[in-house]
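Single-letter residue listing:
4 protein chains.
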Amino acid sequence: MTLEKGLKIAVIGGGSSYTPEIVEGFIKKYEQLPLRELWLVDIEAGRHKLDIVGELAKRMVAKSGLPIEVHLTLDRRQAIEGADFVSTQMRVGLLEARKWDEHIPNLHGVIGQETTGPGGMMKALRTIPVLLDICRDIEELAPDAWLLNFTNPAGMVTEAITRYSKVKSIGLCNAPIGLHKWLTKKYDTEANRLYTEFVGLNHLHWVTRIEVEGEDKLNELLDKREEYSGKNVPATEWDPEFLRTLGGLPSYYLKYFYMQDAMFEEQLASLKANGTRAEVVKRVEDELFELYKNPDLQEKPKQLEQRGGAYYSEAAVNLMDSLYNDKRDIQTLNVSNGRVLDFLPEDAAIEVNCVVTSKGPLPLPVTKVPEQAKGLIAAVKTYERLTIEAAITGDRGIALQAMAAHPLVPSVGVAKKLLDEMLEKNKPYLPAFFK
Amino acid sequence: MTLEKGLKIAVIGGGSSYTPEIVEGFIKKYEQLPLRELWLVDIEAGRHKLDIVGELAKRMVAKSGLPIEVHLTLDRRQAIEGADFVSTQMRVGLLEARKWDEHIPNLHGVIGQETTGPGGMMKALRTIPVLLDICRDIEELAPDAWLLNFTNPAGMVTEAITRYSKVKSIGLCNAPIGLHKWLTKKYDTEANRLYTEFVGLNHLHWVTRIEVEGEDKLNELLDKREEYSGKNVPATEWDPEFLRTLGGLPSYYLKYFYMQDAMFEEQLASLKANGTRAEVVKRVEDELFELYKNPDLQEKPKQLEQRGGAYYSEAAVNLMDSLYNDKRDIQTLNVSNGRVLDFLPEDAAIEVNCVVTSKGPLPLPVTKVPEQAKGLIAAVKTYERLTIEAAITGDRGIALQAMAAHPLVPSVGVAKKLLDEMLEKNKPYLPAFFK
Amino acid sequence: MTLEKGLKIAVIGGGSSYTPEIVEGFIKKYEQLPLRELWLVDIEAGRHKLDIVGELAKRMVAKSGLPIEVHLTLDRRQAIEGADFVSTQMRVGLLEARKWDEHIPNLHGVIGQETTGPGGMMKALRTIPVLLDICRDIEELAPDAWLLNFTNPAGMVTEAITRYSKVKSIGLCNAPIGLHKWLTKKYDTEANRLYTEFVGLNHLHWVTRIEVEGEDKLNELLDKREEYSGKNVPATEWDPEFLRTLGGLPSYYLKYFYMQDAMFEEQLASLKANGTRAEVVKRVEDELFELYKNPDLQEKPKQLEQRGGAYYSEAAVNLMDSLYNDKRDIQTLNVSNGRVLDFLPEDAAIEVNCVVTSKGPLPLPVTKVPEQAKGLIAAVKTYERLTIEAAITGDRGIALQAMAAHPLVPSVGVAKKLLDEMLEKNKPYLPAFFK
Amino acid sequence: MTLEKGLKIAVIGGGSSYTPEIVEGFIKKYEQLPLRELWLVDIEAGRHKLDIVGELAKRMVAKSGLPIEVHLTLDRRQAIEGADFVSTQMRVGLLEARKWDEHIPNLHGVIGQETTGPGGMMKALRTIPVLLDICRDIEELAPDAWLLNFTNPAGMVTEAITRYSKVKSIGLCNAPIGLHKWLTKKYDTEANRLYTEFVGLNHLHWVTRIEVEGEDKLNELLDKREEYSGKNVPATEWDPEFLRTLGGLPSYYLKYFYMQDAMFEEQLASLKANGTRAEVVKRVEDELFELYKNPDLQEKPKQLEQRGGAYYSEAAVNLMDSLYNDKRDIQTLNVSNGRVLDFLPEDAAIEVNCVVTSKGPLPLPVTKVPEQAKGLIAAVKTYERLTIEAAITGDRGIALQAMAAHPLVPSVGVAKKLLDEMLEKNKPYLPAFFK
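Residue numbers (numbering that gives the first Met the number 0), protein chains in the order written: chain Z, 0 to 434; chain P, 0 to 434; chain S, 0 to 434; chain R, 0 to 434.
Worth flagging that the hints you see were computed from the coordinates, not collected in a lab. Computed from a predicted model, the values in this text were never measured in an experiment. One or more hints might be untrue.
In silico lysine-lysine, DSSO-like type, Cα no more than 30 Å apart, as pairs [what the hints assert, rightly or not]: (1) K358(P) to K180(P); (2) K434(R) to K223(S); (3) K180(S) to K326(Z); (4) K426(R) to K367(S).
The shape of chain Z in the complex, shown without the other chains (with noise of 0.2 Å):
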């Protein structure tokens, strides 16, 4: 660590709309992580959005009148040279190819979402190969660094990571902290008098445990369901039978799955009102745009909040503090297994607590695991290793195998159907199906 120096820090995707967020972060957070060079990184199609974003970046640093330096770059490696930390907030083929992730399933009857199903195994083949090239730059030019990765789908990016390189890598979801932050106000109390326990994978988890003040809340959470919902997740009630012999408190992805029909149905209702939530994004994304480009705005605007990826940056921040000065706090990430989940592989990406110290993230042991989510969890999984091997290989069988093996594609006709359609809509971001 460049300790006297202060911090290097690269942001890869630096001209998205998040980015105001984590500069507060980084401003808010100063005394514990002496952040010196943060570096925002896009591709040139992201020119635009970086100089924007990026100067109202540089206007809220001066503002805390911090010695910070915020560089706006389009050359990855420069950036990441010598970094400390790097993380990753990107959209390979940006909103279009996620419009499509969300449309195709749905013409044949399927789930269309941006990281669960079909449209997640897309965003997967799109970007696990630009990762894993990032990946090659981080061992090249700043071994040391540890990436941070939000990018989605964070399970099965981080997963690859792990496995096809050197890279110290850790996949974050804002979900966890999420869950803190509504606990701590539903029952007043502090985050560090909560005690919660998730198993699963991204996107696809039960919180076993919660315990507020030391005491066993989580029958009482599952018995009146009060609705906790992510904003990008619209509301469908849980069924109050169900949840009472669940064993853990369901992430809103599990809608997806144990309300397929309805969630269905609720996606029709939405495309025809709204369009894809591609589409609802976009136009969230390009009001945020044009306030951010307001001169006079020296601090992230309020509306940004309602952008759906709430506490992304406060995740970020608190990891890089707990990593850069070894604090050894509880928290809930993406990292191998380990030999945490006996039905998974060593090296499968898990959303498990972890204690994190400076050489890292050790996975805590799970104290229970519901009989009720093993068979979810392991039949994702297969479908994430496969989906995974497909993008490395850029082997159309695995790929169909994968699909297949979703447990939303109802048969492997309709897998069939959807691969043919949606890798050819993806074309252009998938070079390794189409050498």
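We have chain Z already, so just place chains P, S and R on it with the hints.
Frame of chain Z, contents of chains P, S and R only:
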């Protein structure tokens, strides 16, 4: 073993239409299996069929000239006492119950099948308590006996027995022997020149190695899939591209998962044309019993072979032979996993190659497990374990979790409806649920 | 937890000479651990010592001005009832038994040591039944209490408790905290700037990671090994070449294995010069109790620190603090293996880093295990498990297997002689063996 | 397999005095194993013995009238090219090296033995690199060949091959077949009426099940242990009380561990009377070669049976038969652990029952593993793995760790002395250590 005075074998569900097959098997194998007393036992409701098929059995034995005593009884304990082997081939609730197992799911857009999906679950709920009751008798009256379980769903029933009783038990299916019969014919070879490796669960296996006279034939069979299909499963075409990368020849029951949509359509069409499969079978059985009544009939009638359970008795008699004579040959059986599949619990029943010694079957390590198969095996095993727990406890909440966990049930909402209707229809057979 | 009215803590073996240490610890930590009732309990044979040390404890508390009640009792059940924490620090058979534990092996050319080898085995046989008896009381009278076990051999005792009782129990040793104290002094740093990773069993561990302020110091410490040695273990030099490739800093008890010959010589020399270690300790204790009697003494006398069990009470009080306040810090404890070490059973007690939560310690995965250490750990664990079985059953054959399995016992012949003589000497304390 | 034109078999170390045995075996099994070309290959230093024994082999074949060609060669590559089976029976360093393996440990008060302890370690260091070199040739010239390894220490050599080459290899010992021969004679029965289960490593196994015609004879054999002992291991009496609770019939090599003291005394006495075992063997071999020279000799001389390696060739020929003919019988072999023993790594070589198929041996699950055996197995395996690493790297520090980890080496101090002296004596055979 009662070596000097010959063996005592009890067949529970002895009034079954299959009985002539197993009697024929005993006659053919007499030299290896010196059967002295054959006890056919049934319940009061099956007395009429027991009488008919029992008399046929006596005529068959008489014709053989062998010193085998055939006993017909409704007293299960007398039949079991001191037995060397007990085999079960029963149908709790008879074909009437099966009719609803098949029909109700269809009404909700779900596969209706005897052993797979909601129908199989109901069959398990009805059957497991009865089998465990039989096990109590065996523990008391014939603690050294081997229980050969043909009663479907054979995997779940076997697992329930091995986990909740001390009886030495093995589950059997005719699919493995059926494949061998087909291969020997197709390649014009002998059974001992074949080597096949099965991986998975009962009615959910993949054949991952097929060697004929030392030559690997798996890819050839996967590539130009000439149809192998049990008589009781409708023929729908596998997708060749899918098969090629599947890594194993799928059980024909896997069609319900991989071709859910087409199989459902076929069920509807068949229902319209012939009624449920249960009703079809009922007609076949009625015809068989008409034949059996003929006092001149002294052998298994040809028509029985079309009944669907081909080779069941051969599988059973072969297994008894190997246990009794310590043959140490390889048979594909349903046994406890031990450490064979690393993603399943040690006490989970799996269907896998075993060496059969006089002390029981020893499962062989599997030389490959396709990644493609793991998730589905794990998902179905989760459903199975929840179902077993529900069968033992009569806990409706666990039953709901089991139903919702089945990969063929699309949502918790549908699961609840199925559960409500199906439990209600099965009320007479589910005392644990209706205390 | 009796939050409002303060904590109740029972110290079994309260008449120990160590008691002033733990009393001092409670006084110092009062703010974190609001102790209301401290129960010092001992057996009839220890009444005299209990009175002396108990009065000192009362004077110490009085001087502190804190509202802590000190109770002295021979009624164990009264002490345990409703306790929040129970700690044990007992010596079944007193120093007289220890004398023979050390002496008899020496007579047969074998290491004679309190916790390691045949001596440790006898101590386990005497102690385990007594501890399990205490556990019966805790299960009945204080089922939510934590049992902190300092009683040696702490690993075996802890494993026996976790396998044969329902009491929530943790085993503790002063070696890990001792290493930290030494490192903080050596490197002039603070405890929370250290990171150490322990692998192994109680009194049989290797420290495989030592980081001081983020820097790896393990090889430095292995290379030029400045002597770190507990006061109660004689100093014999490690071979530098051996240490360099050992992969971890060895526990000083490992000298008994790696330098068996030199350590044995040293024992003989020391025996000649000073008598057994038990006799030396006896003299030290007598002197301590002389000091304790002084009615003007109101604090822990300096001389206690030379007694050998330095930091024991600090370890205990830290652990209670973390459990009570859900501190989630990392401590090295004796707990069930779970899936941490893949070559030991899940219910084997190991000594390993844990995160201490209010629900108990969660063992952390080990980041490396030297191949060099595995065989010895496994061999000693086999001896331990056989010893536990012998302690519970009183089976002489199993005891012989345990003795013969210990790596320090050179043959079955010697094992038999040792067993015969040592069981005989311990007859009053081994009712299970002399029914 | 070269079915039409018959098999090619290469015997490396073909000049061994054992060769007439294996030639006799091939002649007897000709019907099952249609051997066409037998290549006996040796090194320059063994040319003279190769000529003598090779000519005898030719006379034996001539007498049999079978169409087998016997080739004698010093060109290993020519012998290996296109072979179906390669067997190895070599002694790197000849009996001279063995002499020091046995003698030097004795000088330091340690068991001196060919395969166990420091002697076995040196043999491994000399042999593993040579075997791996042979494997390079097999990989290139006969990639489908099976390598049957008799070369001691067979466990370590086999593990080295399976971990560091792609050759299909199996390790063989004559102890299992020797036990069977003894049991069939003792109980006047046939081999296929026996069932034995072996657990452990090569020269370190326990026989945990012995059934004769279906009856359990283990306890009978443990209770009144009539001596079964290989000719090359001195007979010292087992302690009956110890045996009774050991849980399995111990390998006679276990005497070196369980009766270390008595065995050492016996070695000293024997050394005084007859010189080292190597010298005794040397005399026997010289006598054998004198016999072999006799041009009238056309068969294996009786005297060879007293040589110590009884049944080796029968074991080898049986194994080839089962591999070639896919016999699927059960043999006790040295193979990779897989998931058989849960306390050893998956790639550790173990000695265990296997079903031998044409695709190789499949290890059977063990039905019991005595707790008593686990620690010793693990300790010796640790020594073995460190030895293999040392053999491959030539790393002296690892070699020291291996030596110190051996349960028969009492301390690091003794380990260092042994290592220094033994490495020096073996200098010509250890290029990796003396670069």
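Cross-check of the supplied hints:
{"no.": "1", "hint": "K358(P) to K180(P)", "in the structure": "holds, 27 Å"}
{"no.": "2", "hint": "K434(R) to K223(S)", "in the structure": "holds, 27 Å"}
{"no.": "3", "hint": "K180(S) to K326(Z)", "in the structure": "holds, 20 Å"}
{"no.": "4", "hint": "K426(R) to K367(S)", "in the structure": "violated, 34 Å"}
Hint 4 alone, counting from the list given before, is not met by this structure.
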